[in-house]
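Now for the letters of each chain:
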Amino acid sequence: MISAISTNIISPLGFTTEENYQAVLSGRSALRRYDEYPPLKGGCAKAEPFAASLFSEEQRAALSLDGYTFFEAIAIRSACEALAQTSLDTSSPRVVLLLSTTKGDIGVYPSDAAQRIARALGVSTTPIVVCNACVSGLSAQLLADYLLSADLYDYAIVVGAEVQSKFIVAGFQSLKAVSDEPCRPFDIERTGLNLGEAAATIIFKGQTPSNSPLKGEKQSSTVNSLPLREGWGASGGLAGAWYLIAAAARNDAFHIVSPSPQGDGCYKAIEAVMAGRDKSQLATVCVHGTATLFNDQMESKAIERAGLTDIPLSALKGYYGHTMGAAGVLETILTMRATDDGLVLPSKGFTELGVSGKVSISSKSRRSSKTSFLKLLSGFGGCNVAALFSRGKGQGARNKSRSLIKKHTISLSSKDGKSLTDIYKQEVGDYPKFYKMDILTRLAFLAAELLKKESLPIEGEAWKGSPLILFNHSSSIVSDRQFLTTISDDNLFPSPSVFVYTLPNITAGEVAIRHHINCETSFYILPKRDEALMQQILEATLSATGATSALSGWVDAKSETSFECELSIYEMNNEEVATAL
Amino acid sequence: MEQLIKDLKLQIKEALNLEELSLEDFDENAPLFGEEGIGLDSIDVLEIIVLLEKHYGIRLANSKEGKAIFHSVKTIAEYVQANRKK
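Chains as they are written, first to last, in numbering that gives the first Met the number 0: chain A, 0 to 580; chain B, 0 to 85.
Chain A on its own, in the form it takes in the complex (with noise of 0.2 Å):
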């Protein structure tokens, strides 16, 4: 069980937690329709007309940063206002920076833009990118929690950032996913979803069996009292902080795009979350609600499965738009802040029903004394997540520590000579929508089968409830770049095929699809193969969630002719350690 002990948002309706809350008060928005891709990066084009929460010209000035990329100075700025509300100490061994970014900037690796904004703010350990769709904002927060709960770090600084492009928004166009009207989520109206961008942060803490200072507080302050900061829990001061009580992660195993059309993964993550706690004492599910036909359709048949139809939900993506990589951190400030108050969000854009789930959704303000709430996202790959968050502290899980071996492993490398469709034919050759997939998904869906090949006899069940960690330092930089062919300004045709594997996650959700695997997926970006690193992060990924095997490894293409993968499946140490702890 992780704290937040500071907040920051900085979107185009404020560069202050307290301003963008009292924006939504107010019912603002900044989402607006555009006829043309400028202001967008990459832009000249005539576009198809979408609506969207962009930073104004002025906006942009006054938050750019002299070296640094846009995205890197909202995400840098948004992370100082949050440290400047603590006396962290960023430099010490127990700190670390976690960003969440579906894209970051395209063209650019995302470690490498982590490292600086790391380095801006004087982190001195290695930042992990969480790049797993628009699931990332939460499943920052969870990789947080487990990592803290591990005793890896003593903080974490998680940063969701997203800004918008021609890239992204030519890609959902292509999807057909883009409204050219400010979104309305859950309606019978809606029309798709609209693209945001914004940087948030929230500051986690982990727990210290003693009260000594912990290390990587700076010696002048006072650890357990923190004063109140201006504007937070304004209501009435602070009963205790903000807790990450439990949080789940699952995945459809149904298709890389859609959602499962009863909400299967939702649903389970929200069962996994709720499992043996009352859920009478939520105030609210903030809904991922992206105005698309068929995540809220999905998403209110979740919540009806789940219990949870009496439940006010709050959908926030009426007043900023999809955040994407932000959205996870943006969409939980608020609704704690909104907790804090008493007050249900409402969400802005909702005038009539129409989803058939049976769920309490309002376009009006309502009060709840409660001092929980759920958290849940939805994205590409087949992810889902729920996040239960606590006012003062609640019942959190013990976790069983873990200490993993690699029992099977499989490498593939262009190094070895042989061309992927050739294994494939060899050793698969059931499964077309091998040829659909970008390299670095082959190469993750190759390595699976020849370790599934290798492993047998496994039961079935044994894979589904396995997590399915990968990480790369490429991200999906090939496919990046074939987009790009297809939103030149004189040849302007996105290809849905193509985007849909610009996002590395894409090659969890295929291999999860193939071998049924439902439990937690997710991918990570780090500055290069740091084998102790993804171990640590494995270990206490299995330790928090209390599985007891494991599908990880490295995954990555620089292009259609380098590429390496090695997968591993890992099993728990069973060997007595002695340890000198």
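The hints are simulated quantities; they were obtained by calculation from the structure and are not laboratory data.
What follows is a set of in silico ranges between Cβ atoms, one per label pair, in the way DEER data are often shown:
#, chain 1, residue 1, chain 2, residue 2, range
1, A, Ala-83, B, Lys-85, 54 to 62 Å
2, A, Arg-118, B, Ala-60, 46 to 54 Å
3, A, Ser-279, B, Gly-38, 40 to 48 Å
4, A, Lys-417, B, Ala-67, 41 to 49 Å
5, A, Asp-489, B, Lys-63, 29 to 37 Å
6, B, Thr-74, A, Gln-534, 52 to 60 Å
7, B, Gly-38, A, Ser-55, 46 to 54 Å
8, A, Gly-464, B, Glu-19, 29 to 37 Å
9, A, Glu-35, B, Glu-34, 36 to 44 Å
10, B, Ala-60, A, Ser-561, 38 to 46 Å
11, B, Asp-6, A, Tyr-430, 24 to 32 Å
12, B, Thr-74, A, Arg-118, 56 to 64 Å
13, B, Ala-67, A, Ser-355, 16 to 24 Å
14, A, Gly-464, B, Lys-84, 48 to 56 Å
Ideal placement from N, C-alpha and C gives every residue a C-beta, glycine not left out.
Model the placement of chain B on the given structure of chain A, informed by the hints.
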């Protein structure tokens, strides 16, 4: 019409990465969707929509419109014949 059907088959094969389907086996009357047919999915529908715009100047508003027309290569060819701008 013959040539159009041939062209469409090639274009669809390429756009949808249907590597294992030979032109000879690609029956223009076979249903493109569903278990019995070639088994395309929602992303494939979207790619066909792009293809129709790129090669024939036909703009479809959404994939719902597409699914009705995309029963088979034959029905697509008939639609293209009637509506092409290129």
